[in-house]
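Visitor: These are the residues of each chain, in order.
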Amino acid sequence: MRIGYYPGCSLLGSSREFDESTRAVLKALDVELVEVADWNCCGASSAHILNHELSIALPARILALAEQAGLTEILAPCAACSNRLLSAQQELEKHPEMLAGIEKAIEMPYKGTVKIVNILEVLDRLKDLIAAKTVEPFAKKVASYYGCLLVRPPRVVNFDRPEDPQSMDRMLRAVGATPVEWPFKTECCGAAFSVTRTDIVAKLSGKLVQDAVKRGADAIVVACPMCHSNLDLRRAEINEYLQQEYAIPAMFITQVVGLALGLDPKALGLHRHMVPVEFAETAGVQS
Amino acid sequence: MSRIGVFTCHCGENIGATVDCVKVAEMCKDIPGVVHSVEYKYMCSDPGQRQMQEAIKEHQLDGVVVAACSPRMHEPTFRRAAGDAGINPYMCEMANLREHCSWVHEKGDATTQKAADLIRVLVEKVKHNEPLHPIKVPVTRTAMVIGGGVGGIQVALDIANGGHKVVLVEKSPSIGGHMSQLSETFPTLDCSQCILTPRMVEAAQHPNITLMTYSEVEKVDGFIGNFKVTVRKKARKLDEKLCTGCGLCIQKCPNKKISDEFNEGLGTRTAIYVPFPQAVPNKPVIDLQNCTYYKTGKCKVCEKMCPTNAIRFDQEDELVTLDIGAIVLATGFKLMKTDAFPEYGYGKHKDIIDGMQFERLASASGPTSGVMKRPSDGKEPETVVFIACSGSRDRAKGVPYCSKICCMYTAKHAMLYKHKVHSGKAYVFYMDIRAAGKDYDEFVRRAIEEDEVKYIRGRVSKIYEEDGKLIVMGADTLMGGEPVVIKADMVVLATAVQSNDRSEELAQTLHVSYDSYGFFAEAHPKLRPVETNTAGIFLAGACQAPRDIPETVAQASGAAAKVVGLFSNDELTREPIVAVVNRQAAPVYSTCVGCFLCQGACPYQAIEQEEIKARSGEVIMTLARINPGLCQGCGTCVATCRTKAIDLQGFSNEQIYAELMTL
Amino acid sequence: MSSGSHHDHHEDTLAWRVQQATGVKLAHCYQCGKCAAGCPVADQMDMPPCQVFRMLQYGLPQYDKRVLGCEGIWLCLACETCSTRCPQEVEIPKIMDFIRGEALRLNLAHPRSKDILAFHRAFLDSIEYTGRLYEVGLVADYKVRSRHFLKDVMLAPKMYIKGKLGLLPHLIKNRRGMKHLFKQTIGKG
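Residue numbers (the working numbering), protein chains in the order written: chain C, 1 to 287; chain L, 1 to 663; chain A, 1 to 189.
Looking at chain C on its own, in the form it has when it is part of the complex (with noise of 0.2 angstroms):
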């Protein structure tokens, strides 16, 4: 399988570990990246906040390089990354009036013929391969963490279902997981405000930490930086603002593969954790 890569700005910085656990994954599932050549950033949670066109020009310039590079599907691992792109997409497709206008910001043709993809979309795939080149089952009990962006608004990215989805958890099932029954699969972290409004984080995060502990988990899955980062990151605040350390991990779904892989943890980005990926001998190991 060859398939074309948009890593996006997160996976260059405080998410490296995202984009070394995916190509480290695919890799071994035999998957070819192609990166989109001299991409921009897709303008994530402030283009859309601040401008409408700036918010659709962005992501049509990837999406206009991608056409050019020949690609037909990218993949966007970062769940705002592959949600702007489907917006911008979309829009564009609802009102073509707005194409010239676009065409003549990002100076380049613009079909909107190329398909994205999610990394639970591409994972899903690849299920059979994964199920079967498993040397390591995860034997956890995990809480699988869609966030907001991979699932919703549905009428864009018409992806799994908007409450409740399913994907991750059949995934983590495959690697020999155990997802614990979770309410909080889809409520917000807080994204954008982990620098400006901390406490929103604090509190939001905070709500997910909790009850994921709760409920049992060893572990909280994602695929989402900004999701990875508040429950990360931002742990200190989180702990401070519940009054007590929580030492619940936040992994990555391509982490979590590339351990029932059998791939080396420091491949996979697992030293860049805040909160280290490490498991009590007892905990949720008995299931």
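Hint data in this document are derived by calculation from the structure and do not stem from the laboratory. It cannot be assumed that every hint is accurate.
[As the list claims (entries may be wrong)] 20 angstroms max Cα-Cα, derived PhoX-like pairs, lysine-lysine:
no.: 1; chain 1: C; residue 1: K207; chain 2: L; residue 2: K487
no.: 2; chain 1: C; residue 1: K104; chain 2: A; residue 2: K183
no.: 3; chain 1: C; residue 1: K94; chain 2: A; residue 2: K94
no.: 4; chain 1: A; residue 1: K188; chain 2: C; residue 2: K104
no.: 5; chain 1: L; residue 1: K469; chain 2: C; residue 2: K214
no.: 6; chain 1: C; residue 1: K104; chain 2: A; residue 2: K173
no.: 7; chain 1: C; residue 1: K266; chain 2: A; residue 2: K158
no.: 8; chain 1: C; residue 1: K266; chain 2: A; residue 2: K162
no.: 9; chain 1: L; residue 1: K418; chain 2: L; residue 2: K379
The hints should help you fit chains L and A onto chain C, whose structure is shown.
Guide: Here is chains L and A on its own, set in the frame of chain C:
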């Protein structure tokens, strides 16, 4: 030369505001054959009709064009008036200036011109009209009521008491419908079973009523007064005449863990069962999906136990064809299930139940004998949240319409809960309280004021489970949208009322119209609420739209009155708009060559073969003949006929050509 | 985009502009409150989404002003929980985006929006000049703009050790193209 009168109606402002009716009337005077042309504000009113009748006499008119609204409503009105004035009613035609002109165009000269053109076309048609005479058909004075809930029972009893035979067809093993599942009824809180079961018995024992339970309508042919209905009597696997209803088979059936439909899955039943103890008829039925014998080929315990040898494992479904004069549809509704709500857990929480499940919990004959116990662990719920408009008025994930009965039954549920659990807390999330009905609003106020049910105006966004409680996340819009979180032990969703399963299929079988939600359509929303567009088929209850018991019963009596009225005639008259095969003098007899392509094309099986015989009795030729009783005037045969031997009375080829050529 | 009230047609009203720009019909909102019930930050808002809608529905200047000046619109996380569950399929976050833009344009934005705004501006500046988000630059820029110099100073060294902070920005090749893109979109208004 024809003497035709044109009568242009303003229809108040409906036509008059866009079409210059005075000018139209003037323009029509110049149409060849028109000898009289006037306009009037309301042609259908008494002075309007009188004007027309006087003109017919004064100007010796032989044809009339009324330029007004759609013929759907008033063609019979004007034809009757024309007939009373002495001309053949079918010499009166209507030009539809309203739907075909004024409602769809802006005011202007072109619109006025179009109105005049529409009239010109009809004048041309009338010139080619022939006097026609209504067709008389006999009436079978037996009614069929489909659906044995409270509506169907009421219709059946009213018709039967009017002296006519009724066949009551019910698809499930017992009559009684949803009402037999209810605990108590609003706004009086009288016991549902206590008021319904005597009616069920009365229907079963009435000499004029034949019950056909566990039966479904498969096929309907014919027309008003003369339907032929084929009913499938599903095999109960039981000789009903021999069965005494002793119940021994049920006691001994080894398969006892089957989810009980009557208790909405909150209880269990056996494979041979009666749905509930007060069932009518009180005869068991074997559930083929779950019976051990049908699954493994072994068991037959019931057969061995039956003291009267009534069990019949070899019994097959039976098809019965009945002659029926009128049909009443009373097939009821179904409730949306709790698994339709993603944000409320897709039905995975046992303690989130629907309204009908609550009825069973509250019912003295229910799985808990009326004691409030929540389904998951049997504990008495200390806090119960009721959510109105669950799936109703929700265009995103449910139905856009109001289910009408939920406001009242939710108030009733909250009240019943408070009566059973005095220390309990009851909350109702609602958007509007729709309690328009006699003593209805008073009932809701009683729930709030006397039983202290807390009403919160807002929808619930999410429900999840935590520490054995259901966390209900709502908002109070009367406090500016402030989030309200309630930890509940049980949640009751007042789920949307939907058309019953297979209602669309049934509508197609009966040729009645239905709306996009599968509810049967009435002939006119205000003036013909219990009739369908198909003559001889009537409606009662929630199969037409969400309805409560009082409305259903009222409508049922209305439908029964229509049937009894129909049966008061010895014969019925039908519109003579039927196809005829031409007949000529011997030796041609007809231009029909007897190919009978028309026979296969006719959707109503109205075309027969007729043999023309010589005096010797020898068959000279075989021609098509159309049975005027069965023909619905659709014209398919006319289009099919290769030798143009068939014409539709009132819409002959000649008339249609004349209309087109004048444009 | 016709609507019942003649106020809504009036170009002076926020309602008219909202409907023109987003295609969302305000009259569809029947005030059920489900948006507020599920909103993760409704309890922090001075005006939850349903109240924003209620005020917009009036089409009166005094309410428009209150909507534009409220803090709630800046707290919206665009998590789309409201629009996903809205029984009337109203795209609420789309409207929030538009109102924020109007609040800025008319200089009516709530004072506490300054930090949030500073962050978004710093974010966009970063991509305007480098093409990709330069996280260190973003935070530094944000600190200057918001004057929260001491915030998160303890986090940076830890992130650096974990290899999560690149001290130099990632520059795309076509930076001229990026400037042009900004000029053609946000630069126009």
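Visitor: Of the numbered hints stated earlier in the document, which are not met by this structure?
Guide: none
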